[in-house]
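**Q** Got chain A sorted already, so can you dock chain B onto it with the hints?
The primary structure of each chain is shown beneath.
2 protein chains.
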Amino acid sequence: MRTRPLAVVLASGGLDSCVAAAVARQDYDLAWCHVNYGQRTLVRELTAFRTQAAFYEATLVLEADLAFLGHIGGSSLTDSHLAVPLGSDESHRLPSTYVPFRNSLLLAVAVAWGEVLTAKAVVIGANFLDGPGYPDCRPEYFEAYQRLIGLGTRPGTHLEIKTPLINLDKAGIIRLGLSLHVPLELTWSCYVNNDRACGRCSSCLLRRRGFAAVGVADPIAYVTDNTRPLEASPDRVP
Amino acid sequence: MRTRPLAVVLASGGLDSCVAAAVARQDYDLAWCHVNYGQRTLVRELTAFRTQAAFYEATLVLEADLAFLGHIGGSSLTDSHLAVPLGSDESHRLPSTYVPFRNSLLLAVAVAWGEVLTAKAVVIGANFLDGPGYPDCRPEYFEAYQRLIGLGTRPGTHLEIKTPLINLDKAGIIRLGLSLHVPLELTWSCYVNNDRACGRCSSCLLRRRGFAAVGVADPIAYVTDNTRPLEASPDRVP
Chain A
7 MRTRPLAVVL ASGGLDSCVA AAVARQDYDL AWCHVNYGQR TLVRELTAFR
57 TQAAFYEATL VLEADLAFLG HIGGSSLTDS HLAVPLGSDE SHRLPSTYVP
107 FRNSLLLAVA VAWGEVLTAK AVVIGANFLD GPGYPDCRPE YFEAYQRLIG
157 LGTRPGTHLE IKTPLINLDK AGIIRLGLSL HVPLELTWSC YVNNDRACGR
207 CSSCLLRRRG FAAVGVADPI AYVTDNTRPL EASPDRVP
Chain B
7 MRTRPLAVVL ASGGLDSCVA AAVARQDYDL AWCHVNYGQR TLVRELTAFR
57 TQAAFYEATL VLEADLAFLG HIGGSSLTDS HLAVPLGSDE SHRLPSTYVP
107 FRNSLLLAVA VAWGEVLTAK AVVIGANFLD GPGYPDCRPE YFEAYQRLIG
157 LGTRPGTHLE IKTPLINLDK AGIIRLGLSL HVPLELTWSC YVNNDRACGR
207 CSSCLLRRRG FAAVGVADPI AYVTDNTRPL EASPDRVP
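As you go down the protein sequences, you meet chains A and B in turn. Each residue of the first sequence is one higher than the one before, counting from 7 in my numbering. Each residue of the second sequence is one higher than the one before, counting from 7 in my numbering.
Okay, chain A solo, but in the shape it has when bound (with noise of 0.2 Å):
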């Protein structure tokens, strides 16, 4: 017998989705649901996807597989003959590892998911402040998801989309994973490695830029060369 609403989380494996997760819970029981779309990483997201999992004493999991998003290319991080770019991009253009439509891809994934179990939310740990400028992490674009829920499920439906993360940027979103006790060691961010995190990455800068900035060491290992100027000078980090 639950006596908590339940609400469907996308846990991608990911920093911040596990912190999604975390404040999720505080009012939710949940059920974790990933989704393999043919990226890079997805042996080792899907790793930390499930120790995360474990560690929550899931028992709602669901790994739904959308490998034809790695058939379809246009993201470098599906397609193995476009490189992941390295350093950070300041040039405001959409980077090469935006996957097309892929957040609504991902929801509708959870949707179908919680439709099927009565759950009251669905939970994505977007956000938007620090992050690449990604089109489907804008508030504007859940707002128009939520509306096309109401629209598009069953009469009775109540599912609704909880970013708890979303006017958050990386520095925040650790200081809250910490503060909720998240196992970050069971995370992972690098959109290239699938043994150590490269270091280099959009996505290891960032995640690395916040770790540095809240004065705390990040407890995954990284491929030792690329993060040692970091760990000597996290202010002269790019």
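No wet-lab data here; the hints were simulated from the structure. None of these values were measured; they are calculated from a predicted model. Just so you know, even glycine gets a beta-carbon here, dropped at the ideal spot from N, CA and C. Please note that the accuracy of each hint is not assured.
What the hints assert, rightly or not - Not close to chain B: a few residues of chain A, all C-beta gaps over 10 Å, as computed:
| # | residue |
| --- | --- |
| 1 | Arg50 |
| 2 | Tyr62 |
| 3 | Ala64 |
| 4 | Ala89 |
| 5 | Leu100 |
| 6 | Leu135 |
| 7 | Pro138 |
| 8 | Ala150 |
| 9 | Thr159 |
| 10 | Arg160 |
| 11 | Cys204 |
| 12 | Gly221 |
Unchecked claim - To be clear about the criterion: a stretch of chain A counts as covered by chain B if any three or more of its residues have a C-beta under 8 Å from a C-beta of chain B, and this derived list gives those stretches:
| # | region |
| --- | --- |
| 13 | 70-83 |
| 14 | 119-129 |
| 15 | 140-148 |
| 16 | 175-181 |
**A** Chain B alone, transformed into the frame defined by chain A:
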């Protein structure tokens, strides 16, 4: 070198989407997109899709697998533990053949592919007039999805949702298909069978009623016992 704009057509293998494709190809080159969502008749539908795509000499074809929809259940089309209802349903309740958030998933697949292809339209054969009342077939649902595309895709993307059948009933769709010389013998509508159409499920009944109203013989094969009453006296179709 493409001289006409490109449209992604969601083609299930069914009658409606094949007619929608025939309408769209008057103005667009077509990219044919089929989605497996764990439905009972997926082998038959996929065969129908492939023969239609071959008939129209498709060069861009995507077969996307969303098999997880079969795992989460919630629909008699995907869950073998739930019976597909036979006969017409006049209850005005949402029938068990409703698949949770299905059109949002189908559209997300088509939009993601269309974004990569820089297509100008996504075509779906949805219609509402004498359908089973699925919420995600209503015009206001598609309007909300159009807004989502505007907010959730790469800047510069201009993908318009086209619903050429939205205001037609089944007889009207069949008439339109006949006028466009659509190979209706290559389409599959039955929710239950993979060889000869059952003739008794709600989808078969809707199709048979449509052909009866037009006064044309349905070119596909039905299980004989079920269709005999209809063939004898079309006006007695339930």
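**Q** Please go over all the hints and tell whether each is borne out by the structure.
**A** Hints and how they fare:
no.	hint	result
1	Arg50	holds, 21 Å
2	Tyr62	holds, 20 Å
3	Ala64	holds, 16 Å
4	Ala89	holds, 18 Å
5	Leu100	violated, 6 Å
6	Leu135	holds, 18 Å
7	Pro138	holds, 13 Å
8	Ala150	violated, 5 Å
9	Thr159	violated, 6 Å
10	Arg160	violated, 6 Å
11	Cys204	holds, 25 Å
12	Gly221	holds, 36 Å
13	70-83	holds (count 10)
14	119-129	holds (count 3)
15	140-148	holds (count 5)
16	175-181	violated (count 0)
Consistency note: the structure conflicts with the earlier hints numbered 5, 8, 9, 10 and 16.
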